[in-house]
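The residues making up each chain are set out below.
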Amino acid sequence: MSDTQTFLDTLNARSQQRDAEPTWIAARRQAGAARFEAVGFPTRRDEEWKYTDVRSIAQGNFALAESAEFSQAQAAALTLPLDAYRLTFVDGVFSSALSDLEALPDSVQVLPLSKALTDNHEAVGGPLGRLTSVDFSAFAALNTAFMEEGAVVRIAPGTVVEKPILLQFLSRAGTPVMSHPRILVEAGSRSEATLIEHYAGQTDATNFTNVVAELMLDRGAILNHYKLQEAPLGDMHVASIHVEQGRDTRYSSYNLNLGGALVRNDLISDLNGQGAETNFLGLFFGQGRQHVDNHTKVNHNAPLTFSNENYKGILDDRAHGVFNGKVYVKRDSQKIEGFQSNQNLLLSDRAHIDAKPELEIYADDVKCSHGTTTGQLDEEAIYALRTRGIDEATARGLLTLAFAGEVLEQVALDAVAERVELAVAGKLPERFNLAGLVEAAVSLND
Amino acid sequence: MATEEMEQLVRRDYKEGFVTDIESDTLPPGLDENTIAFISKKKGEPEWMLEWRLEAFHKWQEMKEPSWAHLNYPPIDYQSISYFSAPKRPEDRPQSLDEVDPKLLETYEKLGIPLHERAALAGVAVDAVFDSVSVATTFKKQLAEAGVIFCSISEAIRDYPELVKQYLGTVVPQNDNYFAALNSAVFTDGSFVFVPEGVTCPMELSTYFRINAANTGQFERTLIICESRAQVSYLEGCTAPMRDENQLHAAVVELVALDDAYIKYSTVQNWYPGDEDGKGGIYNFVTKRGECRGARSRISWTQVETGSAITWKYPSCVLRGKDSIGEFYSVAVTNGRQQADTGTKMIHIGEGTRSYIVAKGISAGKSDQSYRGLVKIGPRAKGARNFTQCDSLLIGDKSGAHTFPYQEIGNSTAKIEHEATTSKIGEDQLFYCQSRGITEEDAVSMIVNGFCKDVFQELPMEFAVEAEALLNVTLEGAVG
Chain P
0 MSDTQTFLDT LNARSQQRDA EPTWIAARRQ AGAARFEAVG FPTRRDEEWK YTDVRSIAQG
60 NFALAESAEF SQAQAAALTL PLDAYRLTFV DGVFSSALSD LEALPDSVQV LPLSKALTDN
120 HEAVGGPLGR LTSVDFSAFA ALNTAFMEEG AVVRIAPGTV VEKPILLQFL SRAGTPVMSH
180 PRILVEAGSR SEATLIEHYA GQTDATNFTN VVAELMLDRG AILNHYKLQE APLGDMHVAS
240 IHVEQGRDTR YSSYNLNLGG ALVRNDLISD LNGQGAETNF LGLFFGQGRQ HVDNHTKVNH
300 NAPLTFSNEN YKGILDDRAH GVFNGKVYVK RDSQKIEGFQ SNQNLLLSDR AHIDAKPELE
360 IYADDVKCSH GTTTGQLDEE AIYALRTRGI DEATARGLLT LAFAGEVLEQ VALDAVAERV
420 ELAVAGKLPE RFNLAGLVEA AVSLND
Chain Y
0 MATEEMEQLV RRDYKEGFVT DIESDTLPPG LDENTIAFIS KKKGEPEWML EWRLEAFHKW
60 QEMKEPSWAH LNYPPIDYQS ISYFSAPKRP EDRPQSLDEV DPKLLETYEK LGIPLHERAA
120 LAGVAVDAVF DSVSVATTFK KQLAEAGVIF CSISEAIRDY PELVKQYLGT VVPQNDNYFA
180 ALNSAVFTDG SFVFVPEGVT CPMELSTYFR INAANTGQFE RTLIICESRA QVSYLEGCTA
240 PMRDENQLHA AVVELVALDD AYIKYSTVQN WYPGDEDGKG GIYNFVTKRG ECRGARSRIS
300 WTQVETGSAI TWKYPSCVLR GKDSIGEFYS VAVTNGRQQA DTGTKMIHIG EGTRSYIVAK
360 GISAGKSDQS YRGLVKIGPR AKGARNFTQC DSLLIGDKSG AHTFPYQEIG NSTAKIEHEA
420 TTSKIGEDQL FYCQSRGITE EDAVSMIVNG FCKDVFQELP MEFAVEAEAL LNVTLEGAVG
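Each protein sequence line maps, in turn, to chains P and Y. For the first sequence, counting from 1, position 90 maps to 89 in numbering that gives the first Met the number 0; every step adds exactly one. For the second sequence, counting from 1, position 334 maps to 333 in numbering that gives the first Met the number 0; every step adds exactly one.
Calculated directly from the structure, the hints in this document are not laboratory data. Hints should not be assumed to be uniformly reliable.
[What the hints assert, rightly or not] In silico DSS-like cross-links for lysine-lysine, where the CA-CA straight-line distance does not exceed 30 Å: (1) Y:LYS344 with P:LYS49; (2) Y:LYS278 with P:LYS329; (3) Y:LYS397 with P:LYS334; (4) P:LYS296 with P:LYS366; (5) Y:LYS375 with P:LYS296; (6) Y:LYS41 with Y:LYS164; (7) P:LYS366 with Y:LYS375; (8) P:LYS366 with Y:LYS414; (9) Y:LYS263 with Y:LYS452; (10) Y:LYS58 with P:LYS49; (11) Y:LYS344 with P:LYS366; (12) Y:LYS58 with Y:LYS375; (13) Y:LYS414 with P:LYS49; (14) Y:LYS164 with P:LYS296; (15) P:LYS366 with P:LYS334; (16) P:LYS296 with Y:LYS41; (17) Y:LYS321 with Y:LYS263; (18) Y:LYS344 with P:LYS329; (19) Y:LYS414 with P:LYS296; (20) Y:LYS140 with P:LYS296; (21) Y:LYS397 with Y:LYS365; (22) P:LYS329 with Y:LYS365; (23) Y:LYS414 with Y:LYS381; (24) Y:LYS140 with Y:LYS164; (25) P:LYS366 with Y:LYS365; (26) Y:LYS414 with Y:LYS452; (27) Y:LYS375 with Y:LYS414; (28) P:LYS366 with Y:LYS397; (29) Y:LYS365 with P:LYS334; (30) Y:LYS375 with Y:LYS263; (31) Y:LYS365 with Y:LYS278; (32) P:LYS334 with Y:LYS452; (33) Y:LYS452 with P:LYS366; (34) P:LYS49 with Y:LYS63; (35) Y:LYS397 with P:LYS329; (36) P:LYS49 with Y:LYS381; (37) P:LYS49 with Y:LYS375.
[Said to hold, decoys possible] Beta-carbon label-pair distances, calculated as ranges: (38) Y:GLU426 with P:ARG189: 32 to 42 Å; (39) Y:LYS164 with P:ARG43: 30 to 40 Å; (40) P:GLU46 with Y:GLU161: 41 to 51 Å.
All of these numbers come straight from a predicted model, not from anything done at the bench. A virtual CB, placed ideally from N, CA and C, is assigned to each residue, including glycine.
Please construct the entire structure, taking both the sequences and the accompanying hints into account.
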């Protein structure tokens with residue numbers, strides 16, 4: 000319980016600094032703190048956390064960042080080279096200097112949560128916490144207790160947002176700090192948008208990010224949601240994303256995880272209206288002693304809803320990967336199609352994967368399947384490449400990239416895809432030298 | 000299929016429901032150290048056995064009943080169960096079939112599996128467990144010539160204490176789980192099989208379990224040991240009379256296979272599933288585990304589960320020996336308000352170990368079924384291989400089918416594959432058959448039998464016939 004106390008002390012100190020708040024925020028904050036105090040951090044005895052040990056977070060001592068100072072040059076190097084509406088947060092603190100909302104149309108609102116709360120807090124009060132209650136997890140409760148910054152995105156009905164909306168979270172090296180960003184997206188009916196969450200930072204950072212995102216898609220809305228998590232290798236990253244889908248909506252999640260010492264993602268989609276479709280694409284790459292845990296859940300709450308999931312894991316060194324995917328079909332939700340696939344590639348003898356694809360089905364007219372495989376690179380494929388004059392290291396690199404390629408080729412944003420390819424290639428320079436691969440390919444053609 | 004046909008399926012009566020009236024020497028309900036001492040004394044057990052039971056009992060008292068299974072049932076009052084029930088005359092148990100109580104034989108007749116006929120025709124030695132005490136053992140002589148020991152566990156404790164001491168509880172420890180601990184404390188009977196080095200058991204061994212006296216839990220303990228290069232095929236089949244109160248069955252089965260040994264364990268389980276409202280019916284909480292201790296050993300589980308109100312069962316293999324093989328073939332059919340949470344665990348420890356899982360689930364009526372499995376690959380299990388296929392067939396829109404496979408893989412040389420599908424019998428499949436003059440009922444039966452074929456072909460001949468018959472009986476009400 001003492002682990003919990005450290006966090007509660009920080010929370011109390013913070014509350015005393017804070018100006019008077021609207022009562023609903025104070026009440027919700029209290030509910031979060033009370034829930035967190037009651038349940039404490041999860042242990043491996045909890046089924047949901049069976050494979051993930053969060054002691055490194057629980058036993059940490061994280062302060063709260065006070066400023067958003069970040070070197071312009073470094074930020075520029077980390078920022079995705081994309082023409083986008085951009086909000087930047089440094090250790091959870093909003094940085095207007097690194098943000099860019101130029102030419103944002105009136106039909107779209109993109110603003111930091113702190114501003115949304117000061118300008119018109121009533122409008123946020125309803126949707127905030129509607130999808131992610133404090134009961135969801137200790138981390139959601141903690142996020143609610145600490146919530147003060149994050150992003151609010153509102154898209155008016157019928158609006159097609161031409162440029163992607165980029166939410167950038169940067170992590171600084173130095174005294175460990177924690178941040179609890181809250182993201183709220185309300186996509187109006189028949190609107191269409193691309194949202195990018197991007198986590199990056201200074202190499203030596205050792206911070207803790209605990210983000211909660213709530214995404215609401217009204218009738219006919221389309222949302223493409225990219226999450227590129229390339230946090231520093233010392234960072235802890237816990238995230239939950241709850242999606243609510245109305246009739247005929249389409250949500251596509253691209254969950255790309257490369258960084259972080261300890262990573263846990265919870266992605267949940269509620270298909271509440273007929274014709275709703277959800278696509279979960281994921282890639283996780285672990286090396287060193289990284290621990291990457293992905294939990295996904297699709298709730299088919301209405302008939303004629305569709306889901307499609309494909310998660311790929313590549314694990315090297317002593318990395319530990321977890322995949323837990325669940326497809327739930329509610330009683331009388333007929334004419335459902337739900338597909339799930341998880342494939343894992345183990346590159347080292349000490350890498351470890353725990354996979355648990357689940358189906359929970361209460362209707363009979365459904366087509367649901369899941370498949371999961373774990374293996375290593377096909378020795379015969381490597382041999383085939385070597386007979387064509389490609390050295391073994393290059394052959395392994397090509398095949399590994401090809402394995403990741405199945406997910407990457409669906410990433411429509413080149414800047415994001417390139418970042419992943421480079422990160423994967425850059426992380427293992429001797430074996431995955433992308434430039435070298437290209438050269439090899441070119442010389443073969445000559 | 001039409002709704003009324005579905006309802007007929009749901010209303011299918013339990014064909015084998017009747018009570019045979021044999022006076023039982025039953026212990027009053029309740030469980031404490033005295034109960035255990037009574038059982039131990041009644042069985043004429045040595046001191047060490049009683050100590051072992053008490054040790055288990057103390058561990059059980061400290062344990063909590065598990066709640067993680069996808070099952071729903073009222074709490075069990077362990078003090079309201081009677082823990083011992085034996086047929087009237089335990090002293091002069093029949094030595095041959097002729098001496099068997101004619102009423103018991105009559106019971107078997109009603110079930111359509113006449114003991115003598117079956118034994119003679121199929122060459123099966125039957126150690127019939129009527130309630131808790133073995134009442135008939137046949138073909139013992141022939142087995143003895145081959146050096147195979149096949150007797151009740153009580154006899155084994157008396158006659159072969161060293162063997163029992165050496166192996167009992169080594170695969171399923173006393174405190175393995177709540178129900179295994181309970182079983183270790185109060186088990187009353189079960190079978191013991193020992194096949195010595197190099198011997199292939201000359202016949203398939205079979206035990207028919209029956210639960211008969213009201214309020215009596217059945218706590219069977221089975222131990223099968225195959226020494227190097229030995230082989231045995233063991234058949235277990237169950238039926239039960241109709242009953243109003245829930246009956247608890249918590250059996251433990253332990254298998255040990257040494258170098259190059261092969262144990263095949265087949266089960267057909269058709270206990271009373273409860274009535275339309277799910278009243279009555281057996282609670283079947285079973286721990287079955289085999290250990291491939293020796294190199295190249297092989298353990299194969301095949302089960303056809305059609306009965307019981309609640310099934311909670313995961314026959315498992317611990318693959319310790321190099322290149323050992325574990326197999327699991329299962330067909331589970333649930334109907335009415337039956338619930339089943341079943342599957343397997345394959346623990347790969349040794350190098351080059353392989354496992355193969357085929358699980359087929361059919362849920363009809365308002366029943367719920369889950370496949371829950373674990374494939375664990377240890378760091379030293381180089382080149383381990385697993386293939387898992389679990390398919391669910393849903394009949395009617397009130398049933399549920401769930402899959403919870405766990406994979407824990409700690410070795411990069413392992414190759415693991417898992418596939419699962421959930422579907423119903425396609426309208427187009429039925430139409431195809433019907434357009435060729437096949438009745439709907441036959442078509443459904445054909446499709447379901449085809450769905451289960453992978454498992455049925457693993458069953459020994461006589462059992463396969465019985466299993467198919469059982470499935471057809473289940474489906475009889477489904478159409479027409």
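Verification of the hints:
Only pairs whose Cα atoms come within 30 Å are accepted, and LYS344 of chain Y paired with LYS49 of chain P is accepted, the gap being roughly 17 Å. Of the pairs offered as hints, the one joining LYS278 of chain Y and LYS329 of chain P holds, with about 26 Å between alpha carbons and a cut-off of 30 Å not exceeded. A hinted pair counts as satisfied when its Cα atoms are at most 30 Å apart, and LYS397 of chain Y with LYS334 of chain P qualifies at roughly 15 Å. In summary, the hint linking LYS296 of chain P to LYS366 of chain P is supported, as the alpha carbons are separated by about 17 Å, within the 30 Å threshold.
A distance of roughly 23 Å separates the Cα atoms of LYS375 of chain Y and LYS296 of chain P; the hinted pair therefore holds under the 30 Å criterion. The hinted pair formed by LYS41 of chain Y and LYS164 of chain Y meets the criterion: a straight-line CA distance of about 19 Å does not exceed 30 Å. For the proposed pair LYS366 of chain P and LYS375 of chain Y, the alpha carbon gap of about 28 Å is at most 30 Å, so the pair holds. Restraint check: the Cα-Cα separation between LYS366 of chain P and LYS414 of chain Y comes to about 27 Å, which is no more than 30 Å; the hinted pair holds.
Between LYS263 of chain Y and LYS452 of chain Y, the direct Cα distance comes to roughly 18 Å. Compliance with the 30 Å bound is thereby established for this hinted pair. Between LYS58 of chain Y and LYS49 of chain P, the direct Cα distance comes to roughly 24 Å. Compliance with the 30 Å bound is thereby established for this hinted pair. Only pairs whose Cα atoms come within 30 Å are accepted, and LYS344 of chain Y paired with LYS366 of chain P is accepted, the gap being roughly 26 Å. This hinted pair checks out: LYS58 of chain Y and LYS375 of chain Y have alpha carbons roughly 27 Å apart, not beyond 30 Å.
Our distance criterion of 30 Å between C-alpha atoms is met by LYS414 of chain Y and LYS49 of chain P, whose separation comes to about 23 Å. Pair hint LYS164 of chain Y plus LYS296 of chain P does not hold up; C-alpha atoms about 48 Å apart against a cutoff of 30 Å. A hinted pair counts as satisfied when its Cα atoms are at most 30 Å apart, and LYS366 of chain P with LYS334 of chain P qualifies at roughly 8 Å. Taking the CA atoms of LYS296 of chain P and LYS41 of chain Y, the gap is near 54 Å; set against the 30 Å cutoff, the hint is violated.
Pair hint LYS321 of chain Y plus LYS263 of chain Y holds up; C-alpha atoms about 19 Å apart against a cutoff of 30 Å. At most 30 Å may separate the alpha-carbon atoms for a hinted pair to count; LYS344 of chain Y and LYS329 of chain P meet this at roughly 28 Å. Between LYS414 of chain Y and LYS296 of chain P, the direct Cα distance comes to roughly 26 Å. Compliance with the 30 Å bound is thereby established for this hinted pair. Taken as a hint, the LYS140 of chain Y and LYS296 of chain P pair is broken in the structure, with Cα atoms around 59 Å apart against an allowance of 30 Å.
For a cut-off of 30 Å, the pair hint linking LYS397 of chain Y to LYS365 of chain Y stands: about 5 Å separates their Cα positions. For the hint pairing LYS329 of chain P with LYS365 of chain Y, the CA-to-CA distance comes to about 14 Å; that is within 30 Å, so the pair holds. Using a Cα cut-off of 30 Å, the hinted pair LYS414 of chain Y and LYS381 of chain Y holds, with the two alpha carbons roughly 10 Å apart. A hinted pair counts as satisfied when its Cα atoms are at most 30 Å apart, and LYS140 of chain Y with LYS164 of chain Y qualifies at roughly 25 Å.
This hinted pair checks out: LYS366 of chain P and LYS365 of chain Y have alpha carbons roughly 19 Å apart, not beyond 30 Å. In summary, the hint linking LYS414 of chain Y to LYS452 of chain Y is supported, as the alpha carbons are separated by about 26 Å, within the 30 Å threshold. At roughly 12 Å between alpha-carbon atoms, LYS375 of chain Y and LYS414 of chain Y fall within 30 Å of each other, so this suggested pair holds. For the suggested pair LYS366 of chain P and LYS397 of chain Y, the alpha carbons sit about 16 Å apart, so the restraint of at most 30 Å is met.
Between LYS365 of chain Y and LYS334 of chain P the CA atoms are separated by roughly 19 Å; this keeps the pair inside 30 Å, and the hint holds. About 22 Å separates the Cα atoms of LYS375 of chain Y and LYS263 of chain Y, which keeps this hinted pair within 30 Å; it holds. A C-alpha spacing of about 13 Å is found between LYS365 of chain Y and LYS278 of chain Y, which places the hinted pair at or below 30 Å, so the restraint holds. With a C-alpha separation of about 27 Å, the suggested pair LYS334 of chain P and LYS452 of chain Y falls inside the 30 Å cut-off, and the hint holds.
Taken as a hint, the LYS452 of chain Y and LYS366 of chain P pair is honoured in the structure, with Cα atoms around 21 Å apart against an allowance of 30 Å. With a C-alpha separation of about 19 Å, the suggested pair LYS49 of chain P and LYS63 of chain Y falls inside the 30 Å cut-off, and the hint holds. Restraint check: the Cα-Cα separation between LYS397 of chain Y and LYS329 of chain P comes to about 11 Å, which is no more than 30 Å; the hinted pair holds. With a CA separation close to 25 Å, the supplied pair LYS49 of chain P and LYS381 of chain Y stays within the 30 Å bound.
As the CA atoms of LYS49 of chain P and LYS375 of chain Y are separated by approximately 14 Å, the hinted pair is consistent with the 30 Å bound. Roughly 35 Å separates the CB atoms of GLU426 of chain Y and ARG189 of chain P, a value that falls within the hinted 32 to 42 Å. In this structure, LYS164 of chain Y and ARG43 of chain P meet the distance hint of 30 to 40 Å, their C-beta atoms being roughly 36 Å apart. With their beta carbons about 42 Å apart, GLU46 of chain P and GLU161 of chain Y fall inside the hinted range of 41 to 51 Å.
Checked against the numbered hints listed earlier, the structure breaks hints 14, 16 and 20; every other hint is satisfied.
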